[in-house]
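Asker: Single-letter residue listing:
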Amino acid sequence: MLPPGSRGTKIKPPRKSIVNSSGGGQPIDFNSSWDVLAGAIVQIQNKNVSNLSYEQLYRKAYTLVLHKFGTRLYDNVKELIKSHLLTKRTELLMVLANNADGTNRERFLKSTLNEWNEHLQAMKFISDVLMYLNRVYVREQNKLLIYDLGIQLFKDNVIKYNNNEVGGKLTDILIQEITKNRGGEIISTKMYINKIIEMFELLHENNNIYENTVVENYYQKSFEPVFLSSSETFFQSLVIQNLAFEDSFKYLIETDQFLEDEISRINLYLPETTIPKLVDLMDNIMIKNQLDVIINLPNNGLQTWIRIIGDKVISGLQTSTIDQLKYLKLLYKLNHRIDDNCELLKVRLKNIIVNQGKEFPQLIKNVLASSENKESKKQTTNTPAFANRWIESILSYKAQFSVVVKESFDHDFSMEQYITTAIRDFVNLPSKIRQKPENQNLLVVNPSELLSIYMDYHIKQFSKPNSVKDKKQLDSISTVDEFINNSIQFLRFVNDKDAVEAFYKNHFAKRFLNSKGFNSNGHLRIDIEDLVISKLSEELGTTSLDSIIKMNMDIKSSKDITSDWKKSVGEKKDKSIVDLDLKICNVSYWPNSMTKDYKKLSGKEPDTEDKFIWPRYLKQTISQFEQFWSEGKKNDNKSLYWSPKFGSIDLKITYPSKTYEINLSTYAGIIMLLFGPSTVNSMDADYVSPFKDKRKLTYNEIKQLTGIPEADLKRHLQSIAVAPRSRLLIKTPMTKDVNETDVFELNEKFKSPSVKVKVLTVSASSTTKKKSSHEEELEEVESDIAEGRKHEVNAAIVRILKSRQSIVHRDLISETIKQLQSRFIPSNILIKRQLEDLIDKEYLKRDDENRNLFHYIA
Amino acid sequence: MSSEDFVTLVSADNHRFIISKEVASISSVLKNTQGFEESKTGKINLDMDGDILECVVEYLYYHYKYREQAETGNIPEFNIPTHLALELLVKADYLDI
Chain A
0 MLPPGSRGTK
10 IKPPRKSIVN
20 SSGGGQPIDF
30 NSSWDVLAGA
40 IVQIQNKNVS
50 NLSYEQLYRK
60 AYTLVLHKFG
70 TRLYDNVKEL
80 IKSHLLTKRT
90 ELLMVLANNA
100 DGTNRERFLK
110 STLNEWNEHL
120 QAMKFISDVL
130 MYLNRVYVRE
140 QNKLLIYDLG
150 IQLFKDNVIK
160 YNNNEVGGKL
170 TDILIQEITK
180 NRGGEIISTK
190 MYINKIIEMF
200 ELLHENNNIY
210 ENTVVENYYQ
220 KSFEPVFLSS
230 SETFFQSLVI
240 QNLAFEDSFK
250 YLIETDQFLE
260 DEISRINLYL
270 PETTIPKLVD
280 LMDNIMIKNQ
290 LDVIINLPNN
300 GLQTWIRIIG
310 DKVISGLQTS
320 TIDQLKYLKL
330 LYKLNHRIDD
340 NCELLKVRLK
350 NIIVNQGKEF
360 PQLIKNVLAS
370 SENKESKKQT
380 TNTPAFANRW
390 IESILSYKAQ
400 FSVVVKESFD
410 HDFSMEQYIT
420 TAIRDFVNLP
430 SKIRQKPENQ
440 NLLVVNPSEL
450 LSIYMDYHIK
460 QFSKPNSVKD
470 KKQLDSISTV
480 DEFINNSIQF
490 LRFVNDKDAV
500 EAFYKNHFAK
510 RFLNSKGFNS
520 NGHLRIDIED
530 LVISKLSEEL
540 GTTSLDSIIK
550 MNMDIKSSKD
560 ITSDWKKSVG
570 EKKDKSIVDL
580 DLKICNVSYW
590 PNSMTKDYKK
600 LSGKEPDTED
610 KFIWPRYLKQ
620 TISQFEQFWS
630 EGKKNDNKSL
640 YWSPKFGSID
650 LKITYPSKTY
660 EINLSTYAGI
670 IMLLFGPSTV
680 NSMDADYVSP
690 FKDKRKLTYN
700 EIKQLTGIPE
710 ADLKRHLQSI
720 AVAPRSRLLI
730 KTPMTKDVNE
740 TDVFELNEKF
750 KSPSVKVKVL
760 TVSASSTTKK
770 KSSHEEELEE
780 VESDIAEGRK
790 HEVNAAIVRI
800 LKSRQSIVHR
810 DLISETIKQL
820 QSRFIPSNIL
830 IKRQLEDLID
840 KEYLKRDDEN
850 RNLFHYIA
Chain B
0 MSSEDFVTLV
10 SADNHRFIIS
20 KEVASISSVL
30 KNTQGFEESK
40 TGKINLDMDG
50 DILECVVEYL
60 YYHYKYREQA
70 ETGNIPEFNI
80 PTHLALELLV
90 KADYLDI
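In order, the protein sequence lines correspond to chains A and B. Here the first sequence is numbered in numbering that gives the first Met the number 0, starting from 0 and rising by one per residue. Here the second sequence is numbered in numbering that gives the first Met the number 0, starting from 0 and rising by one per residue.
The set of hints was computed from the structure by calculation and includes no laboratory data. Each residue gets a CB set at the ideal place from its N, CA and C atoms; glycine is no exception. Hints should not be assumed to be uniformly reliable.
Said to hold, decoys possible - So the derived label-pair ranges between C-beta atoms look like this: (1) H66(A) with H82(B): 25 to 31 Å; (2) H66(A) with A69(B): 32 to 38 Å; (3) N161(A) with G49(B): 55 to 61 Å; (4) K179(A) with A69(B): 54 to 60 Å.
Claimed, not checked - The list that follows gives simulated cross-link-like pairs (lysine to any residue, SDA-like), each with its CA atoms no further than 25 Å apart: (5) K30(B) with E200(A); (6) K30(B) with V35(A); (7) K46(A) with S24(B); (8) K509(A) with D495(A); (9) K142(A) with S49(A); (10) K30(B) with D147(A); (11) K644(A) with Y588(A); (12) K30(B) with S32(A); (13) K349(A) with E259(A); (14) K123(A) with K39(B); (15) K168(A) with T178(A); (16) K39(B) with K349(A); (17) K357(A) with S263(A); (18) K651(A) with Y588(A); (19) K20(B) with N427(A); (20) K755(A) with L672(A); (21) K46(A) with K30(B); (22) K123(A) with D12(B).
Based on the provided sequences and hints, a complete structural model is requested.
Answerer: Here is the structure:
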């Protein structure tokens, strides 16, 4: 449509000079035009652009295209450029061949780049001249633009010509240079490397850029694979070289340094796309494939570093572990490169920790044996010294690792968890492990028992009035706190919480029963017991500590009864009544191991053979108290039994030289009373000083007169007749062991530096005959634990069934374990046995058809 | 502006148009003369008559002036003398305008 005002105006035809050529008339001579253009292209290639008239050349090309000579023009240009490049290629190879001054390779790189740049420049001008060809012919024919054609031609006729001759040589030189640089050499070809690689990237491999495929370039297709494979070889040789140190730290540090250098190097030279590939390659070859080897290197490897930390803990020396922290940090860093979770490090570390932790008991035993005197040959693991050392070592081990996690593992929480699990594993090493041949010599300890020993020891320390140095008393609150914290912290490592309770209960009972009386306990004692119990309740829950809490209540009521009794005695003023501190325990709450034979020993059961005989000095007091007790309103249905096994007696013995106040255990006291004067009052007529009397008693006589069970009798006789510091009696013959034929008499020459003497009962374990009473007790505690577990499993099963009504076997097992795992891990056998037990008791039944299904019987 | 910033367009019948290089660069052909003899002489000989060239130059300035507003379309129409239309079409193709 013409604009409205244009009507009537005439449109002039275009000038003939151009239009007519399309329709005939003067024929256009291709060759003469081409000659001009070809001449111009050669000029351009010789950098004589400024002497050419663009407009004329453009018009020539324009005319040729208009006259359908596009194809010929395009092909001619292509041939012309090709022959030019082939000449240049030969020149380049001559540069390389001429190695008069040894810099041929560098000059080769330089010349190649130079040719490339000149070629690009020329191609720009040529492309400008042939713009009309580009716009019309190339577009119609879907061919390469002239400029791109030029690049292709360069690739095909310079770089890749003759089986990739120039390209291969360039690649070789580049890789050689980079390898030199990797080796630490400073190279002068840095800037060429970059440029050549840029050039490689511009050389598209796919000749038809209009295809929608991703275009690959020469760099990706030819250079990169060669580079990566040569890098691989290099890395591998580097690995071998670094492994030769046989020192994992050295390996790590070398590797880390190399990785860092290499990354900055490739950042400099290579395109971004290669970086991840190369990094991957390095990580795989230098870390992933070698990490396990490195970790396991015997010399300066993970094991050595952890060993140093462990040694530090065991020896208690303030060794610096800064180096180890550094090593571990590097190891973590490198592992983290290839695995965010550091699984390998975790697994290996855990292994090493468990293995090292297993050795702790033996190591500690050795340390203790060497620091103490020779007498500690018999060192067993259930001494307070061992328990203290072991528990404190483990806690300090843990603390060391907290530092490691913080300093070396980047606060990695999962690492910390792994370490905690590892510690827990070796702490709770089952004693069964010794059955394996490689563990036969392993010293396995019972964490529950040791924790209880540890707590027992510390509670006793805190309750000793003034025996601890005064300085310590000042900060006793903080030391108490520290002790409780340590105990709780360790408790968390222990799997069998119920066992801890059982042992603690036992120690608790012993502390109370063996203590001398309330007065000497110091005000701290009750406080600290209360404190510990409340802390344990927080940790374990009050229900499980029920019996300990009730025991504690017994202690308090004993105290009240004692003071009531003393009041009533004071009123009577009966001289025959011995001063008495009472400890009255409700048998059902106290540990079985202590209460099992209470009836037999009380002297009340008439039919037992070795009936215990109370000395007449005490009989009066006993019957008086029994009367007082039965009169008491609160004690209606409670029967009272005396337990001479526990408690102690204070005796005042006047030796010829001096009068001593002697505190000894009840049994020992009763034995001593046999040697005492026949009347209580020295003013009586028939009073004969026991030292004049020179009463001699044989072992069998003592046994008959007292009715003390044999094992206990021997033990206490040893305490008062053999132990060097408290030899109140003379034993003939003077042997270490007590035999049935031995004869005892008072030791006139007994001497002690202080007036007050405390006779320590010889520990049971040193009597080597029979099973030591400690082992017996241990068995008792263990059977207590086993018994308790049965109940807990039963309770758990019933609880689960009550809420579910029906459940399949598998779920029941896993649910039971889940419920109980905070206290202990029940074995499948135990659960199955209790299941049968409950079926017998008709709490549940099996489904008639599905044997694996259980129903609750309401 | 120095003379460096201008270029002289010469028509076949020897009309001269001195225009800014920046404006001339709208035509890629005129622009591509950079580096060739034309940039040395500052003169580009074109195979077209003065009236056509005048129209081309007018158009270049018109294009230059409204290059910012081209997107919005809010620009006056460029009037082409009807009798030159066909010839201009050919020249515009030649100059790649």
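Asker: Going straight from one Cα to the other, do K30(B) and S32(A) come out at no more than 25 Å?
Answerer: 23 Å, holds
Asker: Is the Cα-Cα distance between K123(A) and K39(B) 25 Å or less?
Answerer: Judged against 25 Å, a Cα distance of about 18 Å means the pair holds.
Asker: K123(A) and D12(B) were given as a pair; does the straight-line alpha-carbon distance stay at or below 25 Å?
Answerer: 32 Å, violated
Asker: Please work out if K46(A) and K30(B) have their alpha carbons no farther apart than 25 Å.
Answerer: 19 Å, holds
Asker: Are K30(B) and E200(A) close enough, with their CA atoms no more than 25 Å apart?
Answerer: 29 Å, violated
Asker: Below or equal to 25 Å on CA atoms is what counts here, so check K755(A) against L672(A).
Answerer: 18 Å, holds
Asker: Could you grab the alpha-carbon distance between K509(A) and D495(A) and see if it respects the 25 Å cut-off?
Answerer: Answer holds: K509(A) to D495(A) is near 22 Å, not above 25 Å.
Asker: What's the verdict on K20(B) and N427(A), does the C-alpha distance respect the 25 Å limit or exceed it?
Answerer: 90 Å, violated
Asker: Do the alpha carbons of K357(A) and S263(A) lie within 25 Å of each other, as the hint requires?
Answerer: 45 Å, violated
Asker: Between K651(A) and Y588(A), is the straight-line Cα distance small enough, at 25 Å or below?
Answerer: This hinted pair is violated, its Cα atoms lying about 35 Å apart.
Asker: Would the pair K644(A) and Y588(A) pass a check requiring their Cα atoms to be no farther apart than 25 Å?
Answerer: Distance ~18 Å between K644(A) and Y588(A) Cα, so the pair holds.
Asker: Regarding the pair K30(B) and D147(A), is the alpha-carbon distance no greater than 25 Å?
Answerer: 20 Å, holds
In this structure, the hints that do not hold are numbers 5, 9, 13, 16, 17, 18, 19, 22, in rising order.
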